[in-house]
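Visitor: So the chains spell out like this:
Number of protein chains: 2
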Amino acid sequence: MSKRVSKAARSTGNVLAICGGVGGGKLALGLYLTLAPQRLIVAVNTGDDFEHLGLSISPDVDTVLYTLAGVADRERGWGRARETWNFMAALGEMGGETWFQLGDRDLAIHVERTRFLREGKTLSDFIAHAARQLGISARIMPMTDDNVRTFVEIDGGELPFQRYFVERRCAPAVRALRFAGAERARPTTKLLETLADPALRAVVICPSNPYLSIGPFLAMPELRQALAHSRAPVIVVSPIIAGQAVKGPTAKIMTELGIPVTNESIAARYRGLADGLVIDNRDSNEAAGLDLPVLVTRTRMLDLADRKRLAQEVITFADEVAARENAVSSRRHAGGRRA
Amino acid sequence: MSKRVSKAARSTGNVLAICGGVGGGKLALGLYLTLAPQRLIVAVNTGDDFEHLGLSISPDVDTVLYTLAGVADRERGWGRARETWNFMAALGEMGGETWFQLGDRDLAIHVERTRFLREGKTLSDFIAHAARQLGISARIMPMTDDNVRTFVEIDGGELPFQRYFVERRCAPAVRALRFAGAERARPTTKLLETLADPALRAVVICPSNPYLSIGPFLAMPELRQALAHSRAPVIVVSPIIAGQAVKGPTAKIMTELGIPVTNESIAARYRGLADGLVIDNRDSNEAAGLDLPVLVTRTRMLDLADRKRLAQEVITFADEVAARENAVSSRRHAGGRRA
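First to last, the protein sequences are chains A and B.
So the first sequence is numbered by this note's numbering: it starts at -16 and just counts up by one.
So the second sequence is numbered by this note's numbering: it starts at -16 and just counts up by one.
Nothing false has been slipped in among the hints.
Identical copies carry no separate label here, and so any pair may be met within one copy or between two of them.
In silico DMTMM-like links for lysine to aspartate or glutamate, alpha-carbon gap of 20 Å or less:
hint, residue 1, residue 2
1, Lys230, Asp56
2, Lys104, Glu80
3, Lys104, Glu34
4, Lys291, Asp302
Hints listed in this document are in silico derivations from the structure and should not be mistaken for laboratory results.
Hey, can you work out the whole structure from these sequences and the hints?
Guide: Here it is in structure tokens:
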């Protein structure tokens, strides 16, 4: 399907960001600070969600909420700034499980979410409430209100995601990923509506881990289809820079799964879905070999200015991709989206 | 029934303390520091327990645990020392209910208790676990593992206990108290066994509020009967000093219920159950009018030395009461326990 985004949509349409936690959250913040805030819609991975200490915990959602609210701890990369840890200390004295760190301030969101869910409300309801309370004017939503849970297959067994990611610090080699519940999970209605919106300006797949963080989205058949059929340009920001992930285990996992740590692999990952790829200028030599429109720029985001600049460039690139597709009404790159 | 406590029991038998929170906890600590710690058994009111923010909260139990563990905040009178309040601050931002203060350290016990109860364990199980973790060698138990919930009848309606006590700061006049579930509640097996133990040295009813804190015990028919039939002397430490309660709303509630704020009223409250009453030396003029053995001493506990001294005096008094009853095999005071 060609990208029939009108000129009007290019300046006033909404932008959908699809992301996981820390890495994706940085670009989501850039978009939030660049666009009119109510033009931004962020759909967040919930495959990392889990029940712990009787609390419903949504690590990626909270990272995005805290980041957009300006209360995230930037040094640590997760949790809240000005955090204290007296709950954990007392929990340790009490013989409780302390492998998953929960700060005193952070606890509030888990207690409130757990209460909401027990009252029969949805995770979407809670996130909308929390975003409002935290003064965020972008719309943030979970990828689904159903249970999707990421499991990591390792030699000799399988680990729930947080046991792998936090308790084992990503040490075991990953043999495969399983997104339990994804086959039957329904993307949130608002996410499907957003993707079907003819005035949607762009879909930005943030530089989150394409396997752990974006994998759960793509494992939902309905989401995959809606993404493929969206009239907006789908722009992927590569999380790979010079054969490394900026942060987190992306490169390690790709290697363990036998996937070369290159932007070509990222392009292949999103083949049939992506209309453009943004790669770092240190990888400019890879651009010619890629079979879709590419923007080469500095993708590393060290400060707020980086986040805003990259966000602006990504949106401009998306508008260009849409304009180009409109002009030539071209089929997309080889293996096109209906293949 | 006469108090046939042997001489051996008088030095080596267990002592059962029955108490609510702050006031009672002070004497429980005195007993803990005076007796060999494993000789002390503390049964705690659970009528104040409630569900809040999805957490199971047992205010009196926790006060006793914290007090005996030496981690209670003595200035504030509840909660933990060296406490921080970042959870509450964040909960407020999140739009959550903040009328009931939960400190960051304190939260650990509520989260762990909630987890225990959800796993199908009893409150007794949890308290034994928490006491062990906190290094307490006395046995602490709830009055029951069943649900007993205190409601306060006020003009025009009824309030759950914590709404009355904390949110309304005991301001509304009390017309009556209701202990929902008490009629059918079973005292914990260990509490009944303790009361039936022929070697039990004494039962001490601590200077807790006789209506709000001890009322829930007495509202359980089986507990009342076990107390009446215990062979150990039952000693009540009056919470009234010179027509006032040392702390809390005891005097206010007595007035609202039309009960004179005197030790005679306290004696009447425990008639048929108590074998001795301990009153403050400022009320020595009341002693002659009381129809049971009385110890007049300083009952105000300002420091640790006060707590230990009073505990020692109460135990000595209990031993004397038991010896006297053994000697004369007398029926107790008018209206005796089988009346």
